[in-house]
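> From first to last, the protein sequence lines stand for chains A and B.
Using the numbering used here, you'd call the opening residue of the first sequence number 7 and step up by one each time.
Using the numbering used here, you'd call the opening residue of the second sequence number 25 and step up by one each time.
For the record, the hints were derived by calculation from the structure and aren't laboratory data.
Ideal placement from N, C-alpha and C gives every residue a C-beta, glycine not left out.
All the given hints hold, so there is nothing to weed out.
Just some of the chain B residues that point at chain A, by a computed CB distance under 8 Å:
1) Asn27
2) His29
3) Glu45
4) Ala46
5) Arg47
6) His69
7) Gly70
8) Gly73
9) Thr76
10) Gln82
11) Ala83
12) Val84
13) Gln93
14) Glu157
15) Ser160
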Amino acid sequence: MKPAPFLYFAPNSLDEALLLLAQYGDEGKVLAGGQSLIPTMNFRLAQPAVLIDLNLIAELFYVRAQADGPLHIGAMTRQRTLERDPLIAAHAPLLQATMPHIAHPQIRNRGTIGGSLAHADPAAELPAVALALNAQLRLRSQHNERWVAARDFYRGLFTTALAADEMLVEIALPSLPPRTGWSIQEMARRHGDYAIVGVAATLTLDEQGRCTQATLALLSVGEGPVQAQQAIKLLQGELPTPALLAAAAATTAQIDIDPTADIHASVAFRRHLAQVLTRKALTEAFERAKR
Amino acid sequence: MDNLHTLSVNVNGVTYTRAVEARLLLSDFLRHELNLTGTHVGCEHGSCGACTILMDDQAVRSCIMFAVQSNGHTLTTIEGLTPDGNMQHLHPLQTAFHEKHGLQCGYCTPGFLMTLLPFLAENPHPSDQEIREAISGNLCRCTGYQNIIEAVKLAAQKKAPRP
Ligand SMILES: Cc1cc2nc3c(=O)[nH]c(=O)nc-3n(C[C@H](O)[C@H](O)[C@H](O)COP(=O)(O)OP(=O)(O)OC[C@H]3O[C@@H](n4cnc5c(N)ncnc54)[C@H](O)[C@@H]3O)c2cc1C
Ligand code: FES
Ligand code: FES
Numbered sequence: 007m008k009p010a011p012f013l014y015f016a017p018n019s020l021d022e023a024l025l026l027l028a029q030y031g032d033e034g035k036v037l038a039g040g041q042s043l044i045p046t047m048n049f050r051l052a053q054p055a056v057l058i059d060l061n062l063i064a065e066l067f068y069v070r071a072q073a074d075g076p077l078h079i080g081a082m083t084r085q086r087t088l089e090r091d092p093l094i095a096a097h098a099p100l101l102q103a104t105m106p107h108i109a110h111p112q113i114r115n116r117g118t119i120g121g122s123l124a125h126a127d128p129a130a131e132l133p134a135v136a137l138a139l140n141a142q143l144r145l146r147s148q149h150n151e152r153w154v155a156a157r158d159f160y161r162g163l164f165t166t167a168l169a170a171d172e173m174l175v176e177i178a179l180p181s182l183p184p185r186t187g188w189s190i191q192e193m194a195r196r197h198g199d200y201a202i203v204g205v206a207a208t209l210t211l212d213e214q215g216r217c218t219q220a221t222l223a224l225l226s227v228g229e230g231p232v233q234a235q236q237a238i239k240l241l242q243g244e245l246p247t248p249a250l251l252a253a254a255a256a257t258t259a260q261i262d263i264d265p266t267a268d269i270h271a272s273v274a275f276r277r278h279l280a281q282v283l284t285r286k287a288l289t290e291a292f293e294r295a296k297r
Numbered sequence: 025m026d027n028l029h030t031l032s033v034n035v036n037g038v039t040y041t042r043a044v045e046a047r048l049l050l051s052d053f054l055r056h057e058l059n060l061t062g063t064h065v066g067c068e069h070g071s072c073g074a075c076t077i078l079m080d081d082q083a084v085r086s087c088i089m090f091a092v093q094s095n096g097h098t099l100t101t102i103e104g105l106t107p108d109g110n111m112q113h114l115h116p117l118q119t120a121f122h123e124k125h126g127l128q129c130g131y132c133t134p135g136f137l138m139t140l141l142p143f144l145a146e147n148p149h150p151s152d153q154e155i156r157e158a159i160s161g162n163l164c165r166c167t168g169y170q171n172i173i174e175a176v177k178l179a180a181q182k183k184a185p186r187p
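Work out the full structure: start from the sequences and follow the hints.
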């Protein structure tokens, strides 16, 4: 249960970190909160030859809001900060409400938003929430920068669009349109454990109360965060009656997801949970949108 | 790999300077280098909470941090709660655990206490539900948790009696 030896760098600037990443490419790994990486290194499931610690790079820790513009979050912002930052509470209440579901305070004190998004654990909340909030991710390498939408970022089990010399440096969340409600629902065996199934949703209404836009993303039901495409289509342009929300939940559970069984849940149980939780999430999002 | 990094860290009010390998876990640094064996190691992968300590007054798990990462920071371990080691001077939270039988074998106890210190500082009148959530990241194989919850309530009362 001890990590294998590695070369350790703790640069003070992003440029230095990107230079090191360019230099060490595949052998190098960045260390964010360490709350997923260090356990896997302790098990020796991961044995990176070089570790580039981002914890001293002050320019990666921030939450910034512009009037009506997107909210910008530095990749090293701790999960605990997101839980408490008034800007997050005001501009991204769904993100704030998600935090208590992620592990425990001791872990959120270290764990970062960038680390969780880049790790791409299919059971993690933040990737699904990033989909639900149409997040844009800023990726940087030594000589390049590009923005990738969260929905294009996830490529399968623990796999993302990040190249070996690239780093996630910033997350931008577009502000929610007026009359938008949101919800996060999940079922875990113990508070803070990885969820057996989870759902993040937003619902936007027009003046007549019709749904103009919906987002619906699930966790622990596939190889990465999963968007419920068919269910979203069902909602678009319609009045969100209880019957419609129930139909969208059924579509999510039966058509949009392809869950697998593990020691915690069978496929049938996961589908059942997905249906119940999606209906709850859509109902709560609708109630919030009406206010 | 002979790659030593110098680190200087304040633990319970004492500054220590040591050269360590980057892969040395903070829990092992405290226990093996500084002989502060009050910090316990249960799982060594972040699941059980036994190794919880304070870094700059915030609870963290020392088994999933590298010692070098504590350079320049201030740590508090269980030993810091009773600096003179005199049983008469136990911290009120320790006394409450004693009085309410919040421990049996005691293996998990340092982790619980270090988790609860910042929690009670921020939340001096917690509800049962809040206490349960606060300790959800700490495992105890002996007590069944009920007496731990009683101890936290007692500690909260002692520290700040309700009007
Ligand atoms: C007991 C326990 C319970 C947990 N429960 C949950 C839970 O319920 N839900 C949940 O979502 N998570 C949970 N976690 C994981 C936790 O949220 C981690 O903090 C998170 O998964 C990873 O974030 P990190 O900052 O710690 O990243 P690290 O562990 O440092 O890194 C994770 C991976 O991402 C890469 N990486 C990190 N930052 C970047 C970046 N900026 N650019 C590119 N690559 C990067 C690293 O190289 C590494 O491969 C739990 C962890 C533990 C130990
Ligand atoms: S020993 Fe650190 S969490 Fe179990
Ligand atoms: S008292 Fe024995 S593990 Fe908690």
